[in-house]
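J.: Sequence:
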Amino acid sequence: MALKYKHITIHLVTVLAVTLCLRCTDNFKKIQQVGVLQNEPVGVAKDINLKYTDSGMLTANLISKTMLDYSNREFGFSEFPDGIHLILYDKEQNKSTITSNYAIYYTETDVIDLRGNVKIATTQNDTLFTEQLFYYEKDEWVFTNQPFRLKSPSGDTYGNGLDSDVDFKRINILEMYDSEFELEGDN
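Its first residue numbered 1, the sequence shown is counted upward by one per residue in my numbering.
Hints in this document: simulated from the structure, not taken from any laboratory.
Wrong hints could be hidden among the right ones.
Distance windows between CB atoms, simulated [what the hints assert, rightly or not]:
no.: 1; residue 1: H85; residue 2: K151; range: 11 to 21 Å
no.: 2; residue 1: E92; residue 2: N49; range: 30 to 40 Å
no.: 3; residue 1: S71; residue 2: E92; range: 32 to 42 Å
Straight-line Cα separation of at most 30 Å, DSSO-like style, residue types lysine-lysine; simulated pairs [what the hints assert, rightly or not]:
no.: 4; residue 1: K91; residue 2: K138
no.: 5; residue 1: K138; residue 2: K169
no.: 6; residue 1: K151; residue 2: K169
no.: 7; residue 1: K65; residue 2: K46
no.: 8; residue 1: K51; residue 2: K91
no.: 9; residue 1: K151; residue 2: K46
no.: 10; residue 1: K91; residue 2: K169
We treat Cβ as the ideally placed atom computed from N, Cα and C, and that holds for glycine.
Turn these sequences into a full structure, and let the hints guide you.
T.: Structure representation (structure tokens):
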């Protein structure tokens, strides 16, 4: 009889241990975040100067005073509360620059939300000014629904809403007003 109770006890302990182990693996992510507040960054970087390369060629250089890492959130992002200075290099190593007073980089979508005194200056001497701009890193595409000014060698364009590549070669303007530019062949 004592052997039967011992056998039942061993089975109960085994079932209990397996149950506890399975419950622990389901909550492993929650356990990892113990002590990390959901609204707090998991990391803070100061005076960053990140260089991105592709096949040994420098493609971008990101400079910022502060970066807050919120990768602990379900939709992770990095915040740049002091703004960014982003230098983009083409295949001939020509530079275009993007600056703003504030930025958020969404890792899952490769989109940077730039806000406050946003400026893009290209190697072709085109400069875009606006208060908010989204930069899709993968396709090097920019878009805004805000008022903007596009200064170029052929004149200035003012409008509301813009969708373009970063070199302003393929540009769509939603609403254009008060523009001054020269057409080819005009003297």
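J.: Taking the earlier hints as the rules, which of them does this structure contradict?
T.: Hints 2, 9 contradicted; others consistent.
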